[in-house]
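Participant: Going line by line, the protein sequences match chains A and B. The first sequence begins at 1092 in the numbering used here and counts up by one. The second sequence begins at 881 in the numbering used here and counts up by one.
Everything labelled a hint here was simulated from the structure, so no lab data went into it. Incorrect hints may appear among the rest.
[Unchecked claim] Here are a few chain A residues that face chain B, going by a calculated C-beta distance under 8 Å:
1) Gly1140
2) Glu1141
3) Ser1250
4) Leu1251
5) Glu1253
6) Ala1254
7) Leu1258
8) Val1269
The C-beta atom is built at its ideal place from N, Cα and C for all residues, glycine as well.
For reference, the chains in residue letters:
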Amino acid sequence: MNRLSWFNAVSLTLGFAFLYIPMIILIVYSFNESKLVTVWAGFSTKWYGELIRNEAFLNAAWVTLKVAVFSSTLATILGTMAAYVLVRGGRFLGRTLFSGMIYAPLVMPEVITGLALLLLFIGIGLDRGVLTIVLAHTTFSMCYVSVVVSSRLVTFDRSLEEAALDLGCSPAESFRLVTLPIIAPAVISGWLLAFTLSLDDLVIASFTSGPSATTLPIKIFSAVRLGVSPEINALSTIMIAIVTMGVITASLVTKRAMVRQKQEEQAAVRA
Amino acid sequence: MNTSVFAPWDDPGEKPLIQFRNVTKRFGEFTAIDNLSLDIFEKEFFALLGPSGCGKTTMMRMLAGFETPTEGQIMLAGQDIDPIPPNKRAVNMMFQSYALFPHLSVWENIAFGLRRDSMPKHDLEERVEAMLRLTRLEQFARRKPHQISGGQRQRVALARSLAKAPKLLLLDEPLGALDKKLRQDTQFELMDIQEKTGTTFVIVTHDQEEAMTVASRVAVMDQGQLMQVATPDRIYETPNSVYVADFIGDVNIIRGRARQNGGDGYHIDWAEGQEALTAASDNGFDTGQSCHLAIRPEKVAITAERPSDAANAVQGKVHDIAYLGNLSTYYVELPNGIIIKAQTANTRRISRRSYTWEDPVWLSWTATAGVLLAN
Ligand SMILES: Nc1ncnc2c1ncn2[C@@H]1O[C@H](COP(=O)(O)OP(=O)(O)OP(=O)(O)O)[C@@H](O)[C@H]1O
Ligand SMILES: [Mg+2]
């Protein structure tokens, strides 16, 4: 092993310190006995206990989870379909326009997307609640899914689908039995991406949520405006733990699947 | 032996199974298949031969339904197949790239088509096992395609396309990755299957020996056109053009000018100061017309002395010798620089070879040994 030069060691330490010190402080203070966030008064887990008894937070967490699951699933279905048509649909009128347009929401400022959706929901008289947040999240995360899935479809060997048709599959069967299992890792990463995006989102949710449904980020944000409480630190620590575990499992799963698939594919296509 | 020769193409009453009617296929500006007409009959073993990029795979893909002709029609059993989607055609294709399903085991790959027909479980298992036995893949049944060798993968692809026992089977270079022994065995298996099931085969191959072995008829293609369609022996013995003669097997081409010599006999003036060659041909040539005499090396005899009765005899010296084991090919240089190949069977040990480099020798052949071609 090469030893790090002192310069590299310092850069590495600084970089990681910059990234993680805020989070570490947050985690440490979530175990603080004192109600004052900035004064350390000994170790305690009492804020976690408080948190479990806080109905408002629990409700918000439940809404967030529901929204994330529904919107990411919906976005995955729609995004995969869009990617499939854009990559496979051959040349149809306006194809270039469509494939350009599907990426537009990626660069659109969130405030604008949020405002546009708000106007739409008001326009069609849809009451703001869980449904509207799900729709809004689906709208903006579906283009991320379609980007991930179409990059996989581009390298997909078309003759596999032809072979399936040749052996008697209808186009739908060939998609279900051949295409989908092979692109599954990309679809799963797309879902995870959509899920985390929905979990994170504050801006769009604050435009589209109503009094009946508040998501956790909105809740935290509004709570913090009244002053940071150790309860929020505890909540954030839990969220950090969940996200960290999610990211680690997701990357392990997709990495393993991708590696395996790459081998299979290289082997299946004659050099 | 059956008494009647299988030759439906000679029978005007016979209906072809496949008919290409003036089919043209363009990819953008590029013409891959150029106004091609062709009949293929039931129970034929039809081989497509031609250089890379001449349109063999494109023909297959049109039959399987993955490409539609730009112009013209393809008829299967008298019906235009254009509106029939690939999954409804009684046609199976073995892909040049194999296209094995990477997420399924060898066993499941072979069973894939049978499952679509909702075949009873027991019959399906039996059928898959039979295919595995046929292609000698029994011990690899549980493996995934990436866990087996190239030749084994090719056999899986073959087994998968054979499994459904379709009316028409399209094989795009089915045996290219196999060693010679296994290739020969599989060739005979294919012929056997064909005899038993009466399936019509269309096979693409780069191996002309393979085409000669298995095919009832051979089509030689070039740049999207058919150069000649005939039985293997006729393609070999009476090619209709220099292109075909050159493409199939080894050949000497001598350019010259024809001079009529009564009946179907011709003299060919081919070099200054050399005696004219004589050849017989059914194709008419005008005196003075330029022509090509194509002679197979094995029809050229090599001797030390001038044979007294040969119709054609030329002298030269041995320029090179290619030793092929059972055969030797002598490259003999004539005084005017032309090199002519003569092939003889090695009935003696190589150390006792009669001629060696730089030896003066005579080459001779009969008037009917060669084929006289216009172009
Ligand atoms: N989808 C396509 N788009 C454009 N050109 C194509 C397409 N498919 C084939 N071609 C061209 O058509 C010609 C014939 O291709 P084809 O695959 O039929 O060749 P082939 O005879 O099978 O060659 P090989 O022996 O190398 O497999 C080639 O020049 C090829 O580049
Ligand atoms: Mg090809």
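Participant: Against the structure, test the hints numbered earlier, and report the numbers of the ones violated in rising order.
Facilitator: Failing hints, ascending: 1 and 2.
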